[in-house]
Structures are given as structure tokens and as C-alpha cells.
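Student: Residue numbers (the working numbering), protein chains in the order written: chain A, 19 to 189; chain B, 931 to 1126.
These are computed hints drawn from the structure, not numbers from a lab. Watch out, some of these pointers could steer you wrong.
[To be verified] Result set (DMTMM-like, lysine to aspartate or glutamate): computed pairs, CA atoms no more than 20 Å apart in a straight line:
1. LYS45(A) / GLU1094(B)
2. LYS45(A) / GLU968(B)
3. LYS1088(B) / GLU185(A)
4. LYS45(A) / GLU969(B)
5. LYS1088(B) / GLU1119(B)
6. LYS139(A) / GLU948(B)
7. LYS1074(B) / ASP85(A)
8. LYS139(A) / ASP952(B)
9. LYS1074(B) / GLU132(A)
10. LYS1088(B) / GLU186(A)
11. LYS45(A) / GLU948(B)
12. LYS139(A) / GLU1119(B)
13. LYS139(A) / GLU946(B)
14. LYS139(A) / ASP978(B)
The lines below spell out each chain.
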Amino acid sequence: MTHDLIDVLTGLSAGSRLHNLRHQREKVALATQGSYDSLFDPALEGMTLQERLLVALYACRLAGSADVAAHYLQRLQDIGVDAAQCAAADSGNPEQLPVGRVRAMLTFARALTERPVAGDKAALHALPAAGISTPAVVALSQLIAFISYQLRVVAGLRAMQLAGHHEESQA
Amino acid sequence: MSTIIASHGFTNASLEWEAWLDVIDLEQASADQITVLEESNPKAKTSDYYLFLAHQPAILRQRSAAFNAIMYAPGGMSRAERELGSLVVSRINGCVYCASVHAQRFEQLAKRNDVVRQVFEDPYSAGTNAREQAIAQFSIALTKAPNDISAASIVALKEVGLNELEILDLMHSVAIFAWANRLMLNLGEPVLPLTD
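One chain only, chain A, in its complex shape:
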């Protein structure tokens, strides 16, 4: 069986009722995992893997999804992350980093995660001004938006799991 991060993060084991239900929508499960794989492909053009994992960690943290954040923190620790950048993403803010790419990426992650409606042309144009190419801007935007999707799928499945346990205990 291929690795499926959503199943891992929600603790869905093969053969369980909710796992079977989720995989009735197998195309969705495959494209969700495929999105994760493409967004964190080490060979992706324009952003380093460390930059992408920092953005993912920060976006999860801002959204209050501690357990999904823990996954990205673990991956950062596995590849050997810059301590100051990791601290900004994990417990600080972008402004504590020097002006540059990572600070600009985290600032954009905060805008998209917390107040997507406030986005404007100036916020987007701050990225090329920080030396980030257009393909990297696309990768960054897709990544932040994917995290907003991923953590809601995890939260929704967890709630379904709890509701299922509740029903079983009432039965």
C-alpha cells in the first residue's frame, strides 16, 4: 500500500470504517497525496525544500493545527534546518528574520492563511522584489493554499472519526 499522509495524520488504518469511506473517493485521496508529493518534490523549481517546509510549518501554526505542524517540523529537523528560520516559523514571526526570501515567503504565508481577502497586488509584488521568481511565486501560493486545504481535511476526518466512536459507544 502506498504512503498516504492524510491517513497517517488522522490515524486511519486500512480496513477501518472511515478509511474505507475515505477511499471510496480514491481520486481525491490520490490527488491530495499527489499534491503533497509535487509541492515537496526536492527537485521543484524556484524554492528550496527547506523554504517550503518552513512555509508549511508556519501556515499550520498560524491556523492552530499543532499536529499537522508537527509533521512539517519533523521533516525540517530531518533535513537539518537553519535554527533562526525554524524559530521564526515555529514560534516567532517573519519580522525577526533579515530582509530576504524567507522573510518575504513567511509574510505572504501569514497574509494568505489569516486574511486571504486582504490580499492585493502590492503584497504579491513584494515577492519578486525579494528575488523570488514567478514559478516560485506559483509554488509558494499553491503550497500555502494547499496547507489550508490539508488541515481542513484532517480536522474534518478527525471529527468524523470521533462521531463514529460516539455512535459505536451508544450502540
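Assemble chain B onto chain A, guided by the hints.
Tutor: Only chain B this time, still in chain A's reference frame:
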């Protein structure tokens, strides 16, 4: 479109969308970029949105596969109800462009727009019956505070008759618009077609 509704800055009229950075040039595009555009949406080759996202074709391929599977797969929750969930999310996130597109899709599928008018007016009280109200409430809750979604949130959907596959479909429809709205709101802007 039978009736144009305009309320609180939202509309069911057709809108265009323009990117704030350079889109790919179809003349210079790789074969893979062209293929991904064709897989994504019938109008992708003339859409700034898809032409911008095509800078990263591998990511766009997976995003489009997820989006199309969530919104169009047969069975489970009706397509109109998935559109209702997406419409509510777009209204809450303030995505005028997405709200316009999915208001129109809802009306095409459901042959009515009463609940569209309600969602534009006040999403918190929207729904022409208990089932629609519960769909709207869940869509708002998962959008605004995903980590507060609980077993009770799921039970509320079951109480108005949703089965588990329908709940899964609704959850996916809401989550994919957390993704779509953020791109549409931050990479460009809706443009009104020329009118008198």
C-alpha cells in the same frame, strides 16, 4: 442566467479574472504545460488563472485532479449541494470571483437561486430548509475555525439526513475552496465585463 443578483459586493453575474504577475505564453509553453491545461478545465487556455498556475505544471495537475474529483464525481452528495458548500465558503472568505462562478453552477444544477440570494445576503442564516442550513453552518465552521470542528458538527449533519459519504463530499468541497479562494484572492482580481 435568469436573474442577476447583486448584494454585499457579491454577484451571480459572469466575471473575468486578471493575474497580477506574468502568465505563461501559450506559444512558448511546453507540451506538458499544454496537456495540464487541457486536463484542468475546458477554458484553461484562455484563463489567466490557469495560465498563471501553469508555471508549475506538476502542481497544477494534482490540484486540478483533486478539484475535479471533489466537485464532479458521481454519487454521494448532489453536485448542487457541493456547489452550495463552495458558495458559502467563497462568501465567507470574500472571494467575489469564486462566489460568482459557483452561484451560477448552483443555479444551473438546482434550477433555482433562492438560496444564492440568501448566501449573499447573510450566509449565517442561509438555507431554504434545515438540510441547507446545516450545510451552510458546517461550511462556515470548517472555513473559519477548522480545529473547532467536533463530533457534534458531524452529528448536526446526520440529524438533517446527510449520510457519511455526503459528509465526506461536503468536507472536501469546503476544504478545496480554502485552497481555491486563497489563490483567486491573492494572485489577481475579478474584472467586470464591459457594461453600459
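Student: All the hints need checking, so say for each whether the structure fits it.
Tutor: We went through each hint and held it up to the structure:
A threshold of 20 Å between alpha carbons decides the hint, and for LYS45(A) with GLU1094(B) the separation of about 17 Å falls inside it, so the pair holds. For the given pair, LYS45(A) sits about 18 Å from GLU968(B) by alpha-carbon distance, which is consistent with the 20 Å threshold. For the given pair, LYS1088(B) sits about 11 Å from GLU185(A) by alpha-carbon distance, which is consistent with the 20 Å threshold. A hinted pair counts as satisfied when its Cα atoms are at most 20 Å apart, and LYS45(A) with GLU969(B) qualifies at roughly 14 Å.
With a C-alpha separation of about 38 Å, the suggested pairing of LYS1088(B) with GLU1119(B) is violated against the 20 Å cut-off. As the CA atoms of LYS139(A) and GLU948(B) are separated by approximately 11 Å, the hinted pair is consistent with the 20 Å bound. Of the pairs offered as hints, the one joining LYS1074(B) and ASP85(A) holds, with about 18 Å between alpha carbons and a cut-off of 20 Å not exceeded. The suggested pairing of LYS139(A) with ASP952(B) holds, with an alpha-carbon distance near 12 Å, which does not exceed 20 Å.
The hinted pair formed by LYS1074(B) and GLU132(A) meets the criterion: a straight-line CA distance of about 10 Å does not exceed 20 Å. Between LYS1088(B) and GLU186(A), the direct Cα distance comes to roughly 15 Å. Compliance with the 20 Å bound is thereby established for this hinted pair. The straight-line distance between the Cα atoms of LYS45(A) and GLU948(B) is roughly 30 Å, outside the 20 Å bound, and the hint therefore fails. Restraint check for LYS139(A) and GLU1119(B): satisfied, since their Cα atoms lie roughly 9 Å apart, inside the 20 Å limit.
A threshold of 20 Å between alpha carbons decides the hint, and for LYS139(A) with GLU946(B) the separation of about 17 Å falls inside it, so the pair holds. Our distance criterion of 20 Å between C-alpha atoms is met by LYS139(A) and ASP978(B), whose separation comes to about 15 Å.
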